[in-house]
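Based on these hints, arrange chains A and E on the given structure of chain D.
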Amino acid sequence: MEIAFVLEKFILVTIIFAISLVIAMYSTYAERKVAAFLQDRLGPDRAGPFGILQPLADGVKMFMKEEIVPTNSNKWLFMVGPGLAMLTACIGTAVIPWGTAIQIGERVIPLQVTDINVGLLYIFGVVSLGVYGVMIGGWASNNKYSLLSAIRAASQNISYEIAMGLSIIALLLVSGTLSLKEIVEQQHGWHWNVIYQPIGFILFLICAFAETNRAPFDLPECETELIGGYHTEYSSMKLGFYLFAEYINMFVSSAVIASLYFGGYNYPGMDWVLQHTGTTIGPLIGTLVFFIKIFAFIFFFMWVRWTIPRFRYDQLMHLGWKVLIPLAIANIIVTGVVIAIIEKF
Amino acid sequence: MEPLTNKKKVLAQKPLTFAERMYLPAITKGLSITISHFFKKEATIRYPEVEREFSTNWRGMHSLKRDEEGRERCTACGLCALSCPAEAITMIAAERKPEEKHLYREEKYAAMYEINMLRCIFCGLCEEACPKEAIYLDGPIVPSDYLRKDFIYGKDKLVEAPLTLK
Amino acid sequence: MGTSVFYIVAALSVFFSLMVIFSKNPVHSVLYLIVTFFTFTVHYILLNAQFLAVVNFIVYMGAIMVLFLFVLMLLNLNKDNEPLKSPLVKIVGIIAGCCLVVTLVGSLKATAVSNPLLLKNPGLGLIQNLGRELFGPFMLPFELSSILLLTAMVGAVLLTKKEKI
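Protein chains in written order, with my numbering: chain D, 1040 to 1384; chain A, 3 to 168; chain E, 9 to 173.
The following block holds chain D by itself, in its conformation from the complex (with noise of 0.2 angstroms):
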């Protein structure tokens, strides 16, 4: 391993870190002013120029706020479950690939910090595993809300998980990998899989905002029920970052969508721009272009939450097995069947 490769990877790390930092931060911003748009409102404007230092407001709000630990709870897990759900948030970044190598001089260097065999599963993994934060800190808090909030957040994550789970084998079943960076390097141009695959795109979208706790599932903080869900004993910080986990969840889930379904760094036209912009500039492009599309799904994420009311329990569970599961194993069969069809002729 020589020096080099080790600072490349770690430069790359940090930026990818303060960039998925960033537009959270920005996310929340974002969505207030989505929020306040869509109901003919204004939105924060006071902080700076129309508002564009509410962030930081709010940052220096969550830290100056007295931290409260409750007598009962579990000192130690309780201070354990938002640290988990920032992890859990932050890591799935690692495998998503960001744009084709750029050479900068001699050296060539991927936008991506590893191409794993199994990246998908990977995020899969990640994705699963994020539910762990709202269920250690929801216990710990020794509230009977918080515990309710914890176990509807399990049981929602792994419902949703199974749908999400075959439609992503119907993906598979097209790109025949399970490398992200190989699915992406596959929808170049306009080849994206959203055209062969539009079920099991709407599929894996529904099955996002589950497993982010988005409205309209987001059952586990609804505040009429539950009045804050797992983090209603949160005070200071640690609630912020489970806000903050909420958002950057978002951000890294947008970034999956448009990588699996919407070509990721691809667009239409993008051989003539690489060949008349050079090695430097044309991939960075090609970044650029993967986080409009991240944005606009951000977007989308907000402008469904302030659309569709929230899903009631039992709503949920129904749409979770009775609908998305048989629709994503059909999908899967006419997949296969379609596949074998045009590999025979």
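Read the hints as simulated data drawn from the structure, not as lab findings.
Any given hint could turn out to be false.
[What the hints assert, rightly or not] Listed next, the in silico DSBU-like pairs over lysine-lysine satisfying Cα-Cα at most 35 angstroms (straight line): (1) A:151 to D:1104; (2) D:1100 to A:43; (3) E:170 to A:16; (4) D:1114 to E:98; (5) E:170 to D:1183; (6) E:93 to D:1183; (7) D:1100 to A:42; (8) A:43 to D:1072; (9) A:11 to D:1100; (10) D:1114 to E:32; (11) A:16 to D:1361; (12) D:1183 to E:169; (13) D:1114 to E:93; (14) A:16 to D:1072; (15) D:1361 to A:42; (16) D:1361 to E:93; (17) E:169 to A:16; (18) E:117 to D:1183; (19) E:170 to D:1361; (20) E:98 to D:1183.
Relative to the frame of chain D, chains A and E by itself:
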């Protein structure tokens, strides 16, 4: 239970058709409604900078009026304090000295006149009770403050500014 | 480097497995078990069995342990509502434990150090090779095990049905 009147209307809830149970058309319809609002003009008024016009019968902060020569109209009769249902008004009357003739219109005037804005309910009864047309609730919104004592408004805040002659 | 990492991770897995047994709170036990499974995942990665590692990660850590935790949280076991064990149960427990220890010691004495098993294909754990093996020579056992799982699932559904069939 047998209904007592025939006003009760039985609504038969039809089971959803297949297209309705797909949900996706309904969701796209909802999304299109919300996105149309995204481009509409916002209804918010940025309050401290921009103020909304008050209606003509708006009752805001009180002001003690002066007459056309700039003398205070209030004669400290106490009718406003008597009429006040919230008991927000207190005053101390004093006798006008000869050299103060240009300051007060009547022989008796209010040396101290206080309204507790936390008690006041802005009913406007003091305005109606005043025989001298000295008090009107024609001011702006009473501003917020940190301490209770700062909500007791004395004559310094209530009496309107003297007329400036050109 | 590989060996030293192995010894560290192996020590950690032994430590956390012991913590599973010794911690008094059942929820803590489950959490230690999750960490133990995580160390197993690291072992699989050290053996270059990436697919197995990730599947262990998803299935054991991500799904089964969540269910364990789920059940324990629902039961809400704590000292107050723990029924007192009768001395008879304790004695039976001690005897059973002693039997286990005797069996373990006996079997350990019977074992001899065997030659290390060398994997012919070091890339077997990679997903493509594993898939070829599973759906080639090991087709029948693979399908049989899936039928076994299906049977278990049908059995579980039957158990939840209240009415007699």
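Tested hints:
1. For the hint pairing residue 151 (chain A) with residue 1104 (chain D), the CA-to-CA distance comes to about 28 angstroms; that is within 35 angstroms, so the pair holds.
2. For a cut-off of 35 angstroms, the pair hint linking residue 1100 (chain D) to residue 43 (chain A) stands: about 31 angstroms separates their Cα positions.
3. Distance restraint check for residue 170 (chain E) and residue 16 (chain A): the Cα-Cα separation of roughly 31 angstroms lies within the 35 angstroms cut-off, and the hinted pair is therefore satisfied.
4. Using a Cα cut-off of 35 angstroms, the hinted pair residue 1114 (chain D) and residue 98 (chain E) holds, with the two alpha carbons roughly 32 angstroms apart.
5. Note on residue 170 (chain E) and residue 1183 (chain D): the hinted pairing holds, with a Cα-Cα distance of about 30 angstroms set against a maximum of 35 angstroms.
6. Under the criterion of a C-alpha separation no larger than 35 angstroms, the hint pairing residue 93 (chain E) with residue 1183 (chain D) is consistent with the structure, at around 29 angstroms.
7. Of the supplied pair hints, the one linking residue 1100 (chain D) and residue 42 (chain A) holds, its CA atoms being roughly 32 angstroms apart against a limit of 35 angstroms.
8. Restraint check: the Cα-Cα separation between residue 43 (chain A) and residue 1072 (chain D) comes to about 14 angstroms, which is no more than 35 angstroms; the hinted pair holds.
9. For the hint pairing residue 11 (chain A) with residue 1100 (chain D), the CA-to-CA distance comes to about 54 angstroms; that exceeds 35 angstroms, so the pair is violated.
10. In summary, the hint linking residue 1114 (chain D) to residue 32 (chain E) is supported, as the alpha carbons are separated by about 16 angstroms, within the 35 angstroms threshold.
11. For the proposed pair residue 16 (chain A) and residue 1361 (chain D), the alpha carbon gap of about 22 angstroms is at most 35 angstroms, so the pair holds.
12. For the proposed pair residue 1183 (chain D) and residue 169 (chain E), the alpha carbon gap of about 30 angstroms is at most 35 angstroms, so the pair holds.
13. Between the alpha carbons of residue 1114 (chain D) and residue 93 (chain E) the distance comes to roughly 29 angstroms, so the proposed pair stays at or under 35 angstroms and holds.
14. Of the pairs offered as hints, the one joining residue 16 (chain A) and residue 1072 (chain D) is violated, with about 39 angstroms between alpha carbons and a cut-off of 35 angstroms exceeded.
15. For the given pair, residue 1361 (chain D) sits about 39 angstroms from residue 42 (chain A) by alpha-carbon distance, which is inconsistent with the 35 angstroms threshold.
16. The straight-line distance between the Cα atoms of residue 1361 (chain D) and residue 93 (chain E) is roughly 44 angstroms, outside the 35 angstroms bound, and the hint therefore fails.
17. Between residue 169 (chain E) and residue 16 (chain A) the alpha-carbon distance is near 30 angstroms, which keeps this suggested pair within the 35 angstroms criterion.
18. Simply put, residue 117 (chain E) and residue 1183 (chain D) have alpha-carbon atoms about 52 angstroms apart, too far for the 35 angstroms limit, and the pair is violated.
19. Taken as a hint, the residue 170 (chain E) and residue 1361 (chain D) pair is honoured in the structure, with Cα atoms around 20 angstroms apart against an allowance of 35 angstroms.
20. A threshold of 35 angstroms between alpha carbons decides the hint, and for residue 98 (chain E) with residue 1183 (chain D) the separation of about 34 angstroms falls inside it, so the pair holds.
In summary, the numbered hints that this structure violates are 9, 14, 15, 16 and 18.
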